[in-house]
Amino acid sequence: MNEELKKTLLNPIFKGNPITVLVLGICSSLAVTVQLKGACVMALSVIIVTGLSSLVVSLLRNSIPNRVRIIVQLVVVAMMVILVDQVLKAYAYAIDKQLSVYIGLIITNCIVMGRIEAFALGNKPIPSLLDGLANGAGYGMILIIVAFFRELLGSGTLFGFRVLPESYVPNNLVILPPMALILLGCIVWVQRSIQKDLQEK
Amino acid sequence: MNTNSNVYTVIYTTIIVVVAAAILAIAAMALKPMQNANIKAETISQMLTAAGFSSKEDLAKLGNDQILAMYSQNVKTAFLIDKEGNQIGELKTEVNDIELQDNLKQENKNIAAGDPKLPVYVFEKDGAEINVIPVYGAGLWGPIWGYIAFNADCSQIVGAYFDHESETPGLGAKIKDEPWFREQFKGERVNFSKPDDSFDIVKGGAPKDDASAVDAITGATMTCNGLDAALDTWFKAYMPFLEKKANYKQEG
Numbered sequence: 057m058n059e060e061l062k063k064t065l066l067n068p069i070f071k072g073n074p075i076t077v078l079v080l081g082i083c084s085s086l087a088v089t090v091q092l093k094g095a096c097v098m099a100l101s102v103i104i105v106t107g108l109s110s111l112v113v114s115l116l117r118n119s120i121p122n123r124v125r126i127i128v129q130l131v132v133v134a135m136m137v138i139l140v141d142q143v144l145k146a147y148a149y150a151i152d153k154q155l156s157v158y159i160g161l162i163i164t165n166c167i168v169m170g171r172i173e174a175f176a177l178g179n180k181p182i183p184s185l186l187d188g189l190a191n192g193a194g195y196g197m198i199l200i201i202v203a204f205f206r207e208l209l210g211s212g213t214l215f216g217f218r219v220l221p222e223s224y225v226p227n228n229l230v231i232l233p234p235m236a237l238i239l240l241g242c243i244v245w246v247q248r249s250i251q252k253d254l255q256e257k
Numbered sequence: 017m018n019t020n021s022n023v024y025t026v027i028y029t030t031i032i033v034v035v036a037a038a039i040l041a042i043a044a045m046a047l048k049p050m051q052n053a054n055i056k057a058e059t060i061s062q063m064l065t066a067a068g069f070s071s072k073e074d075l076a077k078l079g080n081d082q083i084l085a086m087y088s089q090n091v092k093t094a095f096l097i098d099k100e101g102n103q104i105g106e107l108k109t110e111v112n113d114i115e116l117q118d119n120l121k122q123e124n125k126n127i128a129a130g131d132p133k134l135p136v137y138v139f140e141k142d143g144a145e146i147n148v149i150p151v152y153g154a155g156l157w158g159p160i161w162g163y164i165a166f167n168a169d170c171s172q173i174v175g176a177y178f179d180h181e182s183e184t185p186g187l188g189a190k191i192k193d194e195p196w197f198r199e200q201f202k203g204e205r206v207n208f209s210k211p212d213d214s215f216d217i218v219k220g221g222a223p224k225d226d227a228s229a230v231d232a233i234t235g236a237t238m239t240c241n242g243l244d245a246a247l248d249t250w251f252k253a254y255m256p257f258l259e260k261k262a263n264y265k266q267e268g
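Chains as they are written, first to last, in this note's numbering: chain P, 57 to 257; chain A, 17 to 268.
Hints are computed from structural coordinates only; laboratory data are not their basis. Errors might be hidden in some of the hints.
[Said to hold, decoys possible] To list a few chain A residues with every Cβ distance to chain P over 10 Å, as calculated:
{"hint": "1", "residue": "A36"}
{"hint": "2", "residue": "Q51"}
{"hint": "3", "residue": "G68"}
{"hint": "4", "residue": "G105"}
{"hint": "5", "residue": "K108"}
{"hint": "6", "residue": "E123"}
{"hint": "7", "residue": "E140"}
{"hint": "8", "residue": "G143"}
{"hint": "9", "residue": "D169"}
{"hint": "10", "residue": "S182"}
{"hint": "11", "residue": "L187"}
{"hint": "12", "residue": "W196"}
{"hint": "13", "residue": "D213"}
{"hint": "14", "residue": "A245"}
[Stated by the list, open to error] Restricting the straight-line Cα-Cα distance to at most 16 Å, the calculated cross-link-like pairs of lysine to aspartate or glutamate (EDC-like) are:
{"hint": "15", "chain 1": "P", "residue 1": "K153", "chain 2": "A", "residue 2": "D179"}
{"hint": "16", "chain 1": "P", "residue 1": "K153", "chain 2": "A", "residue 2": "E181"}
{"hint": "17", "chain 1": "P", "residue 1": "K153", "chain 2": "A", "residue 2": "E58"}
{"hint": "18", "chain 1": "A", "residue 1": "K202", "chain 2": "A", "residue 2": "E181"}
{"hint": "19", "chain 1": "A", "residue 1": "K192", "chain 2": "A", "residue 2": "E73"}
{"hint": "20", "chain 1": "A", "residue 1": "K192", "chain 2": "A", "residue 2": "E110"}
{"hint": "21", "chain 1": "P", "residue 1": "K93", "chain 2": "A", "residue 2": "E73"}
{"hint": "22", "chain 1": "A", "residue 1": "K56", "chain 2": "A", "residue 2": "E110"}
{"hint": "23", "chain 1": "P", "residue 1": "K93", "chain 2": "A", "residue 2": "D193"}
{"hint": "24", "chain 1": "A", "residue 1": "K252", "chain 2": "A", "residue 2": "D131"}
{"hint": "25", "chain 1": "A", "residue 1": "K125", "chain 2": "A", "residue 2": "D98"}
{"hint": "26", "chain 1": "A", "residue 1": "K72", "chain 2": "A", "residue 2": "D193"}
{"hint": "27", "chain 1": "A", "residue 1": "K133", "chain 2": "A", "residue 2": "E100"}
{"hint": "28", "chain 1": "A", "residue 1": "K48", "chain 2": "P", "residue 2": "D141"}
{"hint": "29", "chain 1": "A", "residue 1": "K133", "chain 2": "A", "residue 2": "D98"}
{"hint": "30", "chain 1": "P", "residue 1": "K153", "chain 2": "A", "residue 2": "E73"}
{"hint": "31", "chain 1": "A", "residue 1": "K121", "chain 2": "A", "residue 2": "E181"}
{"hint": "32", "chain 1": "A", "residue 1": "K260", "chain 2": "A", "residue 2": "D98"}
{"hint": "33", "chain 1": "A", "residue 1": "K108", "chain 2": "A", "residue 2": "D118"}
{"hint": "34", "chain 1": "A", "residue 1": "K92", "chain 2": "A", "residue 2": "E140"}
{"hint": "35", "chain 1": "P", "residue 1": "K71", "chain 2": "P", "residue 2": "E60"}
{"hint": "36", "chain 1": "A", "residue 1": "K219", "chain 2": "A", "residue 2": "D244"}
{"hint": "37", "chain 1": "P", "residue 1": "K153", "chain 2": "A", "residue 2": "D193"}
{"hint": "38", "chain 1": "A", "residue 1": "K192", "chain 2": "A", "residue 2": "D179"}
As the structure is a prediction and not an experimental result, all values here were calculated from the model. Here a beta-carbon is modelled for each residue, glycine too, at the ideal position from N, C-alpha and C.
Can you make the complete structure from the sequences, with help from the hints?
Here it is as structure tokens:
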């Protein structure tokens, strides 16, 4: 694999993470991180949607009329999301039920449109596919980290299994979205203290 | 080619939309049978859980076929009743041809209109009958529904299972996710003397001496209110049937 592709693939995971650096997809990362299992399936679904949408838009990129490009992108993204939802309903019904509305809300996830606008419109299909997959993965990683702490502290469980003793009183504040934002802030803090060049002067 | 001309834009968007619609239509049609089978198995596993044959977790590990077989083996009869509680139709229970009355949304409208066809699923467990009925109503964000299992003379609830479409995870969704919530329904009774308010879900804890009330879930007031209303509405619709069962057993 050449250097360029490697960078495309690895950059979104840490150095250019869509949530902590680009600050995209904050809204859904607050909503679906109450439980770890849901966060994992959500992460996987977003990886598939970002990857395939970027690929398709990149294939169409030279033919899309500039004035309606957002609408065309939206059609592609919405189609992918509905396909993922339908496939989950057919093959993984239990998980689809658990995620309920959030699968449909991937359409509104800023990362998908953000990456299409910023990358897929100006790059070849293969790099675009990788960029989409990698950004989905970067998003998923943060989702899983936040969900880990929220489920652990908010319910005392991980993947539904009790890990903290019964005597632990679940912290209901952690279940609520504001606490997810604070956790997210902590992750951004940690990342910026490791990666000094992100700090504003 | 000028990709910014009006003609090109109109033709391009039309083609994109038609292609996307075609792909989605094909996918929906191809996946529909599997989705319907999943929904049917899910509905049946909710009934089996309410009736106490298995737990939802164990049923989730079984394939759809096994769940249908389990239903067919344990169900004694299934029928439809009208608003007076008279039997007006049978539902098939053979394993290859299981009929369910699972369009609860429509029945909910029919109850309001006064012309429902309500299903009763009669299971046999350890020689005793268990009558399972559905309930349906509005939660905070979307529909909520469930199955309530009664003992042979419908005097006591022996189990319940609830589900929802889009309640808040960790709050309203607990009607499904928290086993303690549905466990409380065991041993409760429908209050026949108050047909309009025959069951209560009480915030802050149900009084111990009230046999027709259970505790609400903290942080899920709207969902619990919705479920309370759903139980009241459906129990009222089923009340002639439930009372008939109770009287018949007493006289007999």
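Verification of the supplied hints:
| no. | hint | in the structure |
| --- | --- | --- |
| 1 | A36 | 5 Å, violated |
| 2 | Q51 | 5 Å, violated |
| 3 | G68 | 21 Å, holds |
| 4 | G105 | 29 Å, holds |
| 5 | K108 | 23 Å, holds |
| 6 | E123 | 21 Å, holds |
| 7 | E140 | 28 Å, holds |
| 8 | G143 | 33 Å, holds |
| 9 | D169 | 34 Å, holds |
| 10 | S182 | 5 Å, violated |
| 11 | L187 | 7 Å, violated |
| 12 | W196 | 13 Å, holds |
| 13 | D213 | 30 Å, holds |
| 14 | A245 | 21 Å, holds |
| 15 | K153/P x D179/A | 10 Å, holds |
| 16 | K153/P x E181/A | 8 Å, holds |
| 17 | K153/P x E58/A | 10 Å, holds |
| 18 | K202/A x E181/A | 24 Å, violated |
| 19 | K192/A x E73/A | 12 Å, holds |
| 20 | K192/A x E110/A | 29 Å, violated |
| 21 | K93/P x E73/A | 15 Å, holds |
| 22 | K56/A x E110/A | 14 Å, holds |
| 23 | K93/P x D193/A | 13 Å, holds |
| 24 | K252/A x D131/A | 13 Å, holds |
| 25 | K125/A x D98/A | 14 Å, holds |
| 26 | K72/A x D193/A | 10 Å, holds |
| 27 | K133/A x E100/A | 10 Å, holds |
| 28 | K48/A x D141/P | 12 Å, holds |
| 29 | K133/A x D98/A | 5 Å, holds |
| 30 | K153/P x E73/A | 14 Å, holds |
| 31 | K121/A x E181/A | 12 Å, holds |
| 32 | K260/A x D98/A | 13 Å, holds |
| 33 | K108/A x D118/A | 13 Å, holds |
| 34 | K92/A x E140/A | 6 Å, holds |
| 35 | K71/P x E60/P | 15 Å, holds |
| 36 | K219/A x D244/A | 11 Å, holds |
| 37 | K153/P x D193/A | 12 Å, holds |
| 38 | K192/A x D179/A | 5 Å, holds |
Consistency with the previously given hints fails for numbers 1, 2, 10, 11, 18, 20, ordered from lowest to highest.
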